[in-house]
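So the sequences go chain by chain: A and B.
Residues 75 to 245 (our numbering) make up the first sequence, in order.
Residues 1280 to 1710 (our numbering) make up the second sequence, in order.
These aren't lab readings, by the way, just hints derived from the structure by calculation.
Note that CB positions come from ideal geometry on N, CA and C, so glycine has one too.
Heads up, some of the hints might be wrong.
Computed spacing ranges between beta-carbons, pair by pair [claimed, not checked]:
id, chain 1, residue 1, chain 2, residue 2, range
1, A, 107, B, 1651, 49 to 55 Å
2, A, 203, B, 1296, 33 to 39 Å
3, B, 1359, A, 242, 27 to 33 Å
4, A, 204, B, 1280, 16 to 22 Å
5, A, 225, B, 1526, 46 to 52 Å
6, B, 1367, A, 78, 46 to 52 Å
7, A, 226, B, 1526, 25 to 31 Å
8, B, 1621, A, 245, 22 to 28 Å
9, B, 1526, A, 103, 23 to 29 Å
10, A, 225, B, 1323, 39 to 45 Å
11, B, 1515, A, 245, 50 to 56 Å
Computed list of lysine-lysine pairs in DSS-like fashion (alpha-carbon distance at most 27 Å, straight line) [claimed, not checked]:
id, chain 1, residue 1, chain 2, residue 2
12, A, 242, B, 1332
13, A, 242, B, 1367
14, A, 219, A, 80
15, B, 1367, B, 1441
16, B, 1435, A, 157
17, B, 1512, B, 1622
18, A, 183, B, 1435
19, B, 1350, B, 1332
20, B, 1332, B, 1369
21, B, 1518, B, 1529
22, B, 1441, B, 1511
23, A, 125, A, 157
24, B, 1350, B, 1367
25, B, 1622, A, 219
26, B, 1369, A, 242
27, A, 183, B, 1441
28, B, 1529, B, 1511
29, B, 1435, A, 242
30, B, 1529, A, 242
31, A, 118, A, 192
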Amino acid sequence: MIIEGKAIVYDRDNINTDEIIPARYLSTSDPDQLAIHCMEDLDKDFLENKKALAADILVTGSNMGCGSSREHAPIAIKHAGIKAVVAPSYARIFFRNAINTGLAIFECKDPGFFECVKNGHALRLDADGGFIEDASAGRRFEIQKMPPFLQEIIGIGGLVPFARALSKRGE
Amino acid sequence: MGMTIAEQILAAKCGRTSIGPGEFVLASVDVALANDITAPLAIKTFEQVGTGKVFDENKIALVLDHFTPNKDIASANQSKFVREFARKHKIVHFWDTGTVGIEHCLLPEQGIVAPGDLVVGADSHTCTYGALGAFATGMGSTDLGVAFALGKAWLKVPETIKFVYSGELRPWVSGKDLILHTIGEIGVEGANYKAMEFTGPTIDALDMAGRFTMCNMAIEAGGKAGIMNPDKKTEEYIKGRVSREYKVYKSDPDAVYSDTIEVDCSHLEPQVSFPHLPSNAKPISEVSAMRIPVDQVVIGSCTNGRIEDLRVAAGIMKGRKVHEGVRCVVLPGTQRVSLEAIKEGLFETLVGANCAVTTPTCGPCLGGHSGILAKGERAVSTTNRNFIGRMGDTSSEIYLASPAIAAATAVKGYICSPDDLETTTKVARKQ
Ligand code: SF4
Chain A
75 MIIEGKAIVY DRDNINTDEI IPARYLSTSD PDQLAIHCME DLDKDFLENK KALAADILVT
135 GSNMGCGSSR EHAPIAIKHA GIKAVVAPSY ARIFFRNAIN TGLAIFECKD PGFFECVKNG
195 HALRLDADGG FIEDASAGRR FEIQKMPPFL QEIIGIGGLV PFARALSKRG E
Chain B
1280 MGMTIAEQIL AAKCGRTSIG PGEFVLASVD VALANDITAP LAIKTFEQVG TGKVFDENKI
1340 ALVLDHFTPN KDIASANQSK FVREFARKHK IVHFWDTGTV GIEHCLLPEQ GIVAPGDLVV
1400 GADSHTCTYG ALGAFATGMG STDLGVAFAL GKAWLKVPET IKFVYSGELR PWVSGKDLIL
1460 HTIGEIGVEG ANYKAMEFTG PTIDALDMAG RFTMCNMAIE AGGKAGIMNP DKKTEEYIKG
1520 RVSREYKVYK SDPDAVYSDT IEVDCSHLEP QVSFPHLPSN AKPISEVSAM RIPVDQVVIG
1580 SCTNGRIEDL RVAAGIMKGR KVHEGVRCVV LPGTQRVSLE AIKEGLFETL VGANCAVTTP
1640 TCGPCLGGHS GILAKGERAV STTNRNFIGR MGDTSSEIYL ASPAIAAATA VKGYICSPDD
1700 LETTTKVARK Q
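So here's chain B without its partners, still in its complex pose:
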């Protein structure tokens, strides 16, 4: 009987030729990831295990991205603790202020994750790497501490839901809209425990940035993993990045799925997910008619902080200004994204339009710093979660959308599409 890509990877990582959903496996991991919030606990667990050394200094990634550059004394102490561990154990993939990026933008960019890998991370959006054809999933700090020591993690093999997207995308419709729409259809628990395999001609046509965005949000439907079968675009992306050996897995034609969901994308509009669940997705035409004013716009994060996202945002902002009632914060995904954005003149456009461009950091995405919402404030954000209080005060509201919708909203002051912008917007905000 055929196996899905997820089953093939998990079988390979525990030395078996076949495996089925529901089975428990003790598997070898290729990358074990933790960040400045979760690494300290994982390190403490690692010390309890008592091996004295890590399983492989090449296969651990420690990324200080959430509260950095350190926002207060507590976060500085956490970072210091992780930094000392990284030095002591000669962790190769250790990323600190100055080189660090948001983990899920950084690891693929730096070639740390390869197709066919098993990646476990003490961060729920670890599922992002499924876009490379890896099985990547979030776990607890205890699991990661044990993985640091032994290179092993236990997993229950998930069932897989196959999503088949077809049809050409209309202007301004992106990977973000596909995934918001999908979560809207199946709900925030629609893929509980399961792997979500994204396939079909629309996915084949999607660029890698859009694919990362989709897999990033699999967890928002309860998914254990989002995953895509590697193709030519995957190969092109990893060329020059991944320097070690890897094996490409693809779902067998006769693989068994728990469900197959077909999505016709040809009429899909850009989506906006209303507070306080990512599943509250509505089409932009409905939303812009509601004229919902916003106080803040956030563009970036591990969901939409790649250069392609900034290009879209800057393209819309060019020759325009952020509306005077709005603060627009831009969070580039990595240092390399920032450099590229500088070279392409995107930062000139964005800063010129009165956006506040930050260093690569999670910042406001989890209500950490650099753009916290006050009482009753409303934001449009390209991040992945709009739970109550996620970005600040518990009475604030987050609307999730793509960079295109976010940029247009920043200019107009209410949630709208780039199509709603006049060709020359007159905005009187002073420099």
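Same shape as in the complex, but just chain A:
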């Protein structure tokens, strides 16, 4: 799996699920409605900034997605048009929820990447090779490799569609 896109960077640790999708919008589980309020309490202009940068790879600080166990958070990010998230670490439940709802999510342990990457940088993620390239800076960093089954879960849109496909194949 190769993901290419431009970066939108929030250099902050512990971005919580309330900032990603405030609880006041949880009366709906419609992904497109959630997407409209994505990251609202972190940056009320998130969607506009994202559009201005033509960005679709979200880069954040560590312990990304801490807080509640709501699946709405990765759903909002995904449906806001984010193709992948890169952070040094994630809250455990957010990580699971992201995979299970089909949001590509990568851990990068190299602090060099976070120093180098800036808003609008062109990035290229290679899930098999286990690296991320910052083409704008001409540098390459290691990310966590993703085994084929995990890429398939993300590619097919989450755990349930993946399970459906597995059972059809008789695995």
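Add chain B with the ligand to chain A, keeping to what the hints say.
Same frame as chain A, but now just chain B with the ligand:
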């Protein structure tokens, strides 16, 4: 290179001979567990997957323990939904009012979990089964629904922290005190993502009840799993309970750990964790000097609801009464625990001391029913969480402790040790 017990089990469950921390695996599960709160969502996911049948009716456990006997119409409907699913799919390990116990006491007792198993449960305290040498971890209802259909779950292999406990425990010091002290030392995020492997001579000397209590609270330090290497005591415990085949795994001598933490237990006192985090642990001598009065005492739950726990509590209550300002609720872990407690006369002692003994249920542990706290009330509880509002009103307070401390507190009316009780307590509460 050597592997920890956790790595060996996960390697075996995805058909590999070696595996390392950080790797993702799609593993076969031996037991998939859900309760009356989480099973309905898992069942809905199962239906979306569309296999039409469960992967193995012997390997799914459905336990109606949280809001049962059903406390209201909504919980009755939830239970009914799960019951119908269990009947339709001929789920062997389905537990309903009358046979049910608190899931994490029940599954080991009934021999449903064996050493070397991979257990996934839609309940965060699934980690309890690590005491049997199984890898057991909590997941979401979606994961469980998929596990019901396919018998598979994805996991990231955790790093392991090794804890080495040494020294003989002083009187009244139990597994609960070891784990409260440990969480106090490393904090509620001290073992995030990681497996906590509990080892050392003190663990070897600990009974199975104490081991379950310790593994039960691994999640309270952020742990993905708590785990212990099976020994003679494990074998004795599962004899006559587990009837299927299983494989025992033990950590290699050259296994690699992310950290090793040594704990000298010889001077450890009973611990009390103050509101509102399990990591706020203090030694009892400090606490009893503070004379903190309580309104309620809860003895039991999946943390401390085993017969050994009730024996300790009843031993302290014998010939004494619950203090007149205190309500003491006792939650036995399972029906078998209740029966045994009746046979041994423990219920006679506890009821005689003015404790309210309930049927096996989670009840007040999660603020469900049967002992909810009012505004500003304070409780000592042998459960595992003292978060804000966990047992009732958000202004109430929970202090976590062992059955010994809880029972002594119930008698005295303020948080104290059994050593603080006079040999004959005169209490004027009327029957
Ligand atoms: S007793 Fe408490 S912690 Fe244990 S399973 Fe029930 S609600 Fe959860």
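Each hint, compared with the structure:
1. Between residue 107(A) and residue 1651(B) the CB atoms are about 35 Å apart, so this pair departs from the stated range of 49 to 55 Å.
2. Taking 33 to 39 Å as the suggested C-beta distance range, the pair residue 203(A) and residue 1296(B) does not conform, at roughly 25 Å.
3. Between residue 1359(B) and residue 242(A) the Cβ separation comes to about 31 Å, which falls inside the hinted range of 27 to 33 Å.
4. In this structure, residue 204(A) and residue 1280(B) meet the distance hint of 16 to 22 Å, their C-beta atoms being roughly 20 Å apart.
5. Residue 225(A) and residue 1526(B) have their C-beta atoms about 31 Å apart, which leaves the hinted 46 to 52 Å range violated.
6. At about 47 Å, the beta-carbon gap between residue 1367(B) and residue 78(A) stays in the expected band of 46 to 52 Å.
7. Checked against the hint of 25 to 31 Å, the C-beta distance between residue 226(A) and residue 1526(B) comes to roughly 30 Å, which is consistent with it.
8. Look at residue 1621(B) against residue 245(A): about 49 Å separates their beta carbons, and that is not inside 22 to 28 Å.
9. For the hinted restraint 23 to 29 Å between residue 1526(B) and residue 103(A), the CB-CB distance of approximately 42 Å leaves it violated.
10. A hinted range of 39 to 45 Å for the beta carbons of residue 225(A) and residue 1323(B) is inconsistent with their spacing of about 26 Å.
11. With their beta carbons about 39 Å apart, residue 1515(B) and residue 245(A) fall outside the hinted range of 50 to 56 Å.
12. Between residue 242(A) and residue 1332(B) the CA atoms are separated by roughly 13 Å; this keeps the pair inside 27 Å, and the hint holds.
13. As the CA atoms of residue 242(A) and residue 1367(B) are separated by approximately 22 Å, the hinted pair is consistent with the 27 Å bound.
14. Pair hint residue 219(A) plus residue 80(A) holds up; C-alpha atoms about 20 Å apart against a cutoff of 27 Å.
15. Restraint check: the Cα-Cα separation between residue 1367(B) and residue 1441(B) comes to about 44 Å, which exceeds 27 Å; the hinted pair is violated.
16. As the CA atoms of residue 1435(B) and residue 157(A) are separated by approximately 22 Å, the hinted pair is consistent with the 27 Å bound.
17. Proposed proximity of residue 1512(B) and residue 1622(B) is supported: the alpha carbons are some 24 Å apart, at most 27 Å.
18. Proximity of residue 183(A) to residue 1435(B) is assessed by CA-CA distance (about 16 Å); at most 27 Å being required, the pair is judged to hold.
19. This hinted pair does not check out: residue 1350(B) and residue 1332(B) have alpha carbons roughly 31 Å apart, beyond 27 Å.
20. Proximity of residue 1332(B) to residue 1369(B) is assessed by CA-CA distance (about 10 Å); at most 27 Å being required, the pair is judged to hold.
21. Taken as a hint, the residue 1518(B) and residue 1529(B) pair is honoured in the structure, with Cα atoms around 19 Å apart against an allowance of 27 Å.
22. Simply put, residue 1441(B) and residue 1511(B) have alpha-carbon atoms about 21 Å apart, close enough for the 27 Å limit, and the pair holds.
23. Proximity of residue 125(A) to residue 157(A) is assessed by CA-CA distance (about 14 Å); at most 27 Å being required, the pair is judged to hold.
24. Of the pairs offered as hints, the one joining residue 1350(B) and residue 1367(B) holds, with about 25 Å between alpha carbons and a cut-off of 27 Å not exceeded.
25. For the hint pairing residue 1622(B) with residue 219(A), the CA-to-CA distance comes to about 57 Å; that exceeds 27 Å, so the pair is violated.
26. About 23 Å separates the Cα atoms of residue 1369(B) and residue 242(A), which keeps this hinted pair within 27 Å; it holds.
27. For the hint linking residue 183(A) to residue 1441(B), the alpha-carbon distance of about 23 Å falls within 27 Å, and the restraint holds.
28. Pair hint residue 1529(B) plus residue 1511(B) holds up; C-alpha atoms about 13 Å apart against a cutoff of 27 Å.
29. Only pairs whose Cα atoms come within 27 Å are accepted, and residue 1435(B) paired with residue 242(A) is accepted, the gap being roughly 25 Å.
30. This hinted pair does not check out: residue 1529(B) and residue 242(A) have alpha carbons roughly 37 Å apart, beyond 27 Å.
31. Between the alpha carbons of residue 118(A) and residue 192(A) the distance comes to roughly 20 Å, so the proposed pair stays at or under 27 Å and holds.
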